[in-house]
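Participant: Given only the sequences and the hints, what does the whole structure look like? Please build it.
For the record, the sequence lines run as chains A and B.
Quick note: the first sequence, position 260, residue 260 per my numbering, numbers continuous.
Every position in the second sequence, counted from 1, becomes a number in my numbering once 314 is added.
Note that these hints are calculated values from the structure, not bench results.
Treat the hints with care, as some may be off.
[Said to hold, decoys possible] If we take Cβ atoms under 10 Å as the criterion, some of the chain A residues that face chain B in the derived model are:
#1 VAL112
#2 ASP113
#3 PRO201
#4 ARG227
#5 LYS237
#6 MET239
C-beta atoms are modelled at their ideal positions from N, C-alpha and C, and glycine is treated no differently.
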Amino acid sequence: MSLPDVTEKWTNNILQVTLGTEPNQVTIGGHTSLPFLHFEGETPNKTYVAMEIIDVEPADWESVMTEQFGDAIKNPADWAKKCVDDFGAEMICLSLYGIHPDFGDLSAEHAVDVAKSVSDAVDVPLIIWGCGDNDKDNTVLPAIAEALKGKNVLLGSAAEDNYKTLVAACQMGGHNMITESPLDINIAKQVNILVSDSGFPLDRVVMYPTTGALGYGLEYAYSIMERGRLAALGGDKMMSCPVICRVGTEVTRVKEAKASIEEQPTWGPVDKREPMWEAMTASALLMAGADIMILRNPKAVEIIKNMVADLMKK
Amino acid sequence: MYIVGERINGMYTDIKNAIINKDKEAVHKHALAQIKAGASALDINVGPATADKEDAMVWLVETVREVTDITLAVDTAKYEAMKAGLEAAGGSLILNSTKGEDAAMDMWLPLAKEHDASVIILNIDEKGVPSNVEDRLEISMRGLAKAMEYDIDIDKVIIDPIALPVNVAQAQPRVVLEAISQIRMLSDPSPHIIIGLSNICQRCSNPGLISRTFLTMCIGYGMDMAIADAYDEEQNEALITAELLMNKNIYCDSFIEAYCQD
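Facilitator: Listed below in structure tokens is the structure:
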């Protein structure tokens with residue numbers, strides 16, 4: 001008795017977005033079915049692993065992280081280079097913490113200098129994320145867009161109540177843009193409509209539906225990513241953009257990833273625990289449909305890169 | 315929601331004259347405008363007054379094909395006109411339509427198969443239009459069996475449970491709704507289900523209100539296709555809203571606009 005063919009026949013693809021410049025220009029997305037189901041559709045581009053660095057020497061990062069980078073952590077360009085050369089980062093995500101009004105309130109000039117130095121130091125695609133304060137980001141991100149014109153970076157992020165400045169900056173600089181929503185699929189769709197209505201092409205948009213760490217909202221993030229991808233494959237063009245996850249950022253906030261074995265004797269050594277927390281979060285989200293995975297811990301980078309290589313085998 | 319735009323029909327003066335004078339402009343205009351309005355297919359009907367239906371149908375489909383490759387529903391009761399129309403149009407096709415009686419299906423289904431066309435099978439048999447759900451189901455089941463006999467894929471079978479005007483057959487709309495939900499359960503995957511929406515409101519007052527309300531009710535019961543006026547914006551907004559309420563698309567504040575992008 002032959003088994004019935006239960007493969008799905010989807011009517012729409014995920015869009016492809018191209019990041020960076022030659023020789024390391026990268027394309028993400030383009031899938032014609034759910035993640036890694038090679039028997040059912042095409043997964044033309046793998047999930048890329050980015051490492052996150054920040055624009056200032058981190059004051060409150062745990063030693064489990066900082067000791068792996070040594071002195072390189074004092075300078076963003078050196079730090080980016082170490083991530084790529086020593087730890088195999090396929091992209092660099094530069095998060096601009098230092099410019100936040102509450103954390104240093106550094107200037108747009110500082111941000112532009114750091115962005116340029118990082119861009120000069122590595123030739124992998126660059127993601128640059130603002131600080132989350134709208135007024136500051138609306139000053140800084142356009143300056144960076146101008147300074148890095150032609151570098152085809154991915155700038156973040158546009159939200160429902162603050163997108164016009166970034167749209168203009170990305171249009172002018174020829175960059176790609178992250179659209180952000182707070183674990184709300186309806187807002188995710190709405191932000192994409194708003195930026196699309198402003199004339200920004202959807203095939204230069206990457207969606208950030210917000211990442212929840214394991215134990216802190218992973219399943220919400222997973223469900224939203226999965227539901228969005230199913231809708232996209234079924235024909236919803238507004239949900240058809242590739243997706244980015246900020247795993248390192250979220251995981252390093254949680255106590256399970258930070259607490260020392262002295263504080264929590266039953267939790268095991270933190271130098272294994274932290275990367276595993278990142279890897280567990282990331283590996284689940286890979287299944288929901290993540291095209292860029294931003295991690296902090298080099299050990300997690302190795303695990304996820306190996307996992308992606310395995311999943312891409314047909 | 316799959317809308318078959320109904321405007322290219324010889325019962326409209328501009329189309330009738332276009333056929334007579336071989337004037338392509340009105341035909342091109344309505345083909346492109348219906349597609350822009352969101353139609354997924356175009357119904358092509360030479361109308362009741364045209365004498366040489368075969369020639370007229372060939373001219374009409376060829377003229378439409380000059381501007382679009384979209385699915386064409388060749389709409390005629392004359393076999394020769396249907397055959398010629400399907401041959402001339404090529405590409406993606408719907409055979410509109412055959413009655414649900416064996417003799418008719420034996421004649422029309424092979425033609426559909428030959429042209430790889432989807433086929434609309436009406437809930438009408440030797441006894442006419444059924445008055446109840448059970449008889450509609452019986453005709454539908456016979457249609458599915460015949461389609462299988464002629465090796466027509468279920469995805470190409472479209473059942474029309476026949477909507478009658480509410481001012482003359484007021485008990486019928488409820489029967490049609492019930493029939494829609496039960497026809498869906500006849501097979502897995504189920505056949506497509508279509509209604510000629512204009513029939514429900516023929517010669518009624520407030521025809522737009524009646525037809526778009528019935529459309530949303532049909533969507534609630536599981537209908538997935540309609541032959542309708544693609545230009546009716548209130549109808550289209552009601553349709554989009556009905557699909558939203560059926561969880562077919564993700565809600566966003568600009569949900570009407572989002573639908574139109576797809």
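Participant: Does ARG227/A hold up as a contact with chain B if the rule is Cβ-Cβ below 10 Å?
Facilitator: ARG227/A check passes; min Cβ-Cβ to chain B is 7 Å, inside 10 Å.
Participant: Using Cβ atoms only, decide whether MET239/A comes closer than 10 Å to chain B, and label the hint accordingly.
Facilitator: For MET239/A, the interface hint holds, since the closest Cβ of chain B sits about 7 Å away, which is under 10 Å.
Participant: Taking 10 Å as the limit, does the beta-carbon of PRO201/A come near enough to a beta-carbon in chain B?
Facilitator: Since chain B brings no Cβ nearer than about 13 Å to PRO201/A, farther than 10 Å, the hint is violated.
Participant: Quick check on LYS237/A please, does its C-beta sit within 10 Å of some C-beta on chain B?
Facilitator: The hint holds - LYS237/A has a Cβ within 10 Å of chain B, the shortest such distance being about 5 Å.
Participant: A closest beta-carbon separation below 10 Å is what the hint needs, so does ASP113/A meet it against chain B?
Facilitator: violated (39 Å)
Participant: Under 10 Å, Cβ to Cβ, is where VAL112/A needs to be relative to chain B, so tell me if that hint holds or is violated.
Facilitator: Violated, about 35 Å.
In summary, the numbered hints that this structure violates are 1, 2 and 3.
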